[in-house]
Each structure stands twice: as structure tokens, then as C-alpha cells.
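**Q** Take a look at the letters that make up each chain.
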Amino acid sequence: MSNIITVKDMCLWYGEHQALKNVNIEIPEKNITAFIGPSGCGKSTFLKTLNRMNDLIPGVKITGDIRYGGTDIFSKEVDVNNLRKEIGMVFQKPNPFPMSIYDNVAYGPRTHGITNKVELDEIVERALRDAAIWDEVKDRLKKNALGMSGGQQQRLCIARALAVQPKILLMDEPTSALDPISTSRIEELVLELKDKYTIVMVTHNMQQAVRVSDYTAFLLLGELVEFGKTDDIFSQPKDQRTEDYITGRFG
Amino acid sequence: MKALMLVSAGITAALVLFLLLYVMSQGVPDITWELLSTSPSYLTERIGILPDILNTVYIVLATLVIVLPLGVGAAIYLTEYASNKKVVGIIEYAAETLSGIPSIIYGLVGMLLFSNNMGTCLMAGALTLVIMNLPTIMRTTQESLKTVPQSYREGAFGLGAGKWRVVRTVVLPGCVDGVITGCILSVGRILGESAALLFTAGFAHTASDIISGLAAPGASLTVALYVYAKEQGEFGVAFAIAAILMILTVIINFAATLVQKYFAKRRNI
Chain A
12 MSNIITVKDM CLWYGEHQAL KNVNIEIPEK NITAFIGPSG CGKSTFLKTL NRMNDLIPGV
72 KITGDIRYGG TDIFSKEVDV NNLRKEIGMV FQKPNPFPMS IYDNVAYGPR THGITNKVEL
132 DEIVERALRD AAIWDEVKDR LKKNALGMSG GQQQRLCIAR ALAVQPKILL MDEPTSALDP
192 ISTSRIEELV LELKDKYTIV MVTHNMQQAV RVSDYTAFLL LGELVEFGKT DDIFSQPKDQ
252 RTEDYITGRF G
Chain B
37 MKALMLVSAG ITAALVLFLL LYVMSQGVPD ITWELLSTSP SYLTERIGIL PDILNTVYIV
97 LATLVIVLPL GVGAAIYLTE YASNKKVVGI IEYAAETLSG IPSIIYGLVG MLLFSNNMGT
157 CLMAGALTLV IMNLPTIMRT TQESLKTVPQ SYREGAFGLG AGKWRVVRTV VLPGCVDGVI
217 TGCILSVGRI LGESAALLFT AGFAHTASDI ISGLAAPGAS LTVALYVYAK EQGEFGVAFA
277 IAAILMILTV IINFAATLVQ KYFAKRRNI
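Each protein sequence line maps, in turn, to chains A and B.
Just so we're aligned, residue 12 is where the first sequence starts under this note's numbering, counting upward by one.
Just so we're aligned, residue 37 is where the second sequence starts under this note's numbering, counting upward by one.
Hints are supplied without guarantee of correctness; some may be wrong.
Each computed SDA-like pair below joins lysine to any residue, with the alpha-carbon atoms no more than 25 Å apart [to be verified]: (1) Lys-87/A x Glu-116/B; (2) Lys-178/A x Ser-187/B; (3) Lys-72/A x Met-110/A; (4) Lys-178/A x Leu-208/B; (5) Lys-104/A x Leu-208/B; (6) Lys-104/A x Gly-198/B; (7) Lys-128/A x Gly-198/B; (8) Lys-122/B x Val-71/A.
These aren't lab readings, by the way, just hints derived from the structure by calculation.
In this text, all values refer to a predicted model and were calculated from it rather than measured experimentally.
Starting from the given sequences, assemble the full structure and let the hints guide the process.
**A** This is how it looks when you write it as C-alpha cells:
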């Protein structure tokens, strides 16, 4: 099994505040890696570094080495828009654009230069099928996406991310704003997607990490405390702090 | 105490109603087709306000054509691109102050800046009004840019869209209502402006097409009102113009409300 992302000695500062401290991790390809940890431990920050979304926040400083497929993601040769095409992202709160369902999914492909109607139709249908929402929306593709339920909106956002054919899908607590039924649908979907995509998921919910992920990383106060197979982390954690957290002693 | 407030409310309502009814009753009977559709002539002693109507339309158009791209462009730059928030804050504060100063000051500056160089003409008036309305357009656009949720921008960046594409496809459509509202408010302000135009645009009553009209001096409706009332003692005409301006203001306010309602509805689908 190969690693698609390698992070070495990564530190991150928001101005004076250091949010991540010497993080070292290798993310395995076509697996689901979950990041757990209490609020403010830096899991979302870490996730947003991988596709350089942190570039948008003023005052962020990052040191260390992050490689995607062997390439330094901060090197000058890397086109950040292309990087974000390869490493897609699904956000905590569903954020469809105020456009039609079709235009939402077609937004990415259009951004990257696809204008052919037939081709776009195909991409949109495939993405919506992959996100397990095609049957629900196929008769109302021209309707505004904001009219959908929260769970549908989140699956639409997944479809929108899939439409640019990424290699990696970053998911930032994708079910925290959803009800239990929508949550389990998203979890099922994520399990199906790992055949084709590498998924890195931040979750606040430890049960979710157990149900879904193959690997789990535990972050605490900006430090990567422990990383390993999910079964091992939850059955025999090596670090006392991990054990305290997963047994609910804090967090 | 309650009685006192009732009296205040009553006086306020009475004053507003009185003003409206007084101007309308004095002005509306004098609005005739001949008044609206002819130019004044000293030979036949005819008074017509067609040139003034045309001048007003030209000034409104010329001002908007210049102020819209400037104001909207500045707003986009300050909100979406500028990284020095301190400078942005200073500019915003300055713009807010500018929109509050008496218009006669704009007139004075416009006269020195434009009329003294290009002559007294509608264009000099329009340019003065551009300076006057720039803060309004910029601020309303900025405020509506700020209402576009950050999550839309993140979503678009996350798909690999570049800055300009994000602005064009996600941010701008979300602030159209602000631009239109700013536009309508500005039209209202231009229609009602007199002090700044007295200095810069002149008093002529000649009907002409837009190009030669902008290059020549001319009175807007408000300036014409002043001239007819103060210099010619034609109070009937002055009141007719006043009534027309009032009706236009009502229409403009109504349009602004409609636009805001329309977009508010579209936002909460």
C-alpha cells in the first residue's frame, strides 16, 4: 500500500499562536483516514493545509514539508488551483452555491475548461450517481440547490467535489450539521467512495471514526499524539492521552 | 407623557401631509402636455420644460455610466482583494464622511475642477455628481458583498477556481441587489440635486441630443425650478416641476423597495 500524502515536521502558526506542532504523518492511498481530537486541537487546520485552503487566511505561516504524490505542495511549480482540483474538499456546513443543482455540479468542470454540453451532462450524472443522490434529483436538476434538505445539500456538495475527479477528498466534519439519518447515508457513501478515492476526514464523533475509517489520527493541542490502524487505536492505544480521550475522560 | 408623544406624532404627520398635498395641489394643475413637451420661447412667452427634462435624463445617464464601474470596481477591490485592512478601513470611513457633507461643497470643488477647465456644461455637472455619488455606490456595493457568505467563496476555491472566477461567478451575482439599490438611491439623489449643479452645469433651456447636450450648459429640473421661481416669478411652473420631482421620488423609493423585496425573496428559497 502506498502513501499519497507525506507530511514531515509540519508546524503552523496563526500570527503568534502555534496551532500545529511538528506533525509527521503518511496518509495511505484509497483508505479512509480519520482525524479525531477535542475542539481546537488543530484537526480542521491540518485538513485545510493539505489543499492549501489556509492560504486564504491572512497571517498563517507554515513550515515543514508536505508532499502530495512526491511533489512539495508549496513549491513554485505547483498551481494551487490544480492542487485543489486534485484534492477536493467537503465542508462542515453544506455550502451549495445559490444556483441550480446542475450548475452546482458543473461548476468545477466548467472552471477547468469543460464547456461541451454533452460532456458536462455526463459528468454531472456520474458525479450525482457517485454521490448517491441522482435518483432524488434527476427530475429537478434545474431547481435551485438551496431548496434541498441539509443532508441532500451535503451529498450535492460531495457530488460537486467529485465532478472534478479528485484523487483525494478532504471532509471537514461533513455530518456535524446533519440529522442521524442523513449522517448514516453520508457514512455509507463515504465507505463506497474509498474504492476510488483517498478520503481524509475530520470528525468530532468517535463512533463515526470507528464505523468508517481504516486509520485514525489523534490530535491534541496541535500535536499528533498517535496514528495507526483504527482498530488498534481504539482497542489498544499506546499513549495514555489517547486512551483518556477515547474512553471519554476529557474532550 | 403619552399625550405629548401623540402630539409630536400628530404634528409630524400633519406637516408631511400638508407639504405633500400643498405641493401637489399647487403643482399638478399646471402640469400640461404643452409644458412637458415644448421648449421655452421668449418670443411667444411660452414656457416649456422639455429641455430641463432632457438635461436631467442626460445628467442621470452620464453620471451613472461613469460612477457605476468606478464604484462597483472600487468596492470589489476593497472587499475581495485589498489585504491591508487598515487602509480599507480608512477609505471606508472617508467615503462615509464624504457622503454626508453638504452638496454645495461638491459644487464648489466641481466648478474649480471641471467647469473652469471644460466650461460650464452638463458634463461638468455630471462629473461633479460622480464624485458625490461614488461613496454611496461604493458603500452599498461593499455592504452587499459582505453579505455573500464566506462559505460560497470557500466552496468555489475548494474546487480549484481562481480568484477572478470566484468573484465573477459566486460573489458578484450575490451582490446585484446592493448594486441596484445603490443605483436607485443615486438616481434619486441626482434628480434632487441642485446646489452642485448651480455651480457647474449652467442654466440654459435648449433642447438638444445627448452628445451636444452634455457639452453645452443646461438646467436640470431642480435648477429650472429655482430659476423659474426666483428669477421669473413663475410659481405655477416651479410648483409643476416640484410636483413632477416628488412623483419621481415616490416612484424611485417604490422601485428600491420592490428590488429589495424581490432579492430578499430570491435569497430565502
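**Q** Now look at each hint and say whether the structure bears it out.
**A** Hints, one by one, checked against the model:
| no. | hint | verdict |
| --- | --- | --- |
| 1 | Lys-87/A x Glu-116/B | holds (24 Å) |
| 2 | Lys-178/A x Ser-187/B | holds (23 Å) |
| 3 | Lys-72/A x Met-110/A | violated (35 Å) |
| 4 | Lys-178/A x Leu-208/B | violated (30 Å) |
| 5 | Lys-104/A x Leu-208/B | holds (22 Å) |
| 6 | Lys-104/A x Gly-198/B | holds (22 Å) |
| 7 | Lys-128/A x Gly-198/B | holds (22 Å) |
| 8 | Lys-122/B x Val-71/A | holds (18 Å) |
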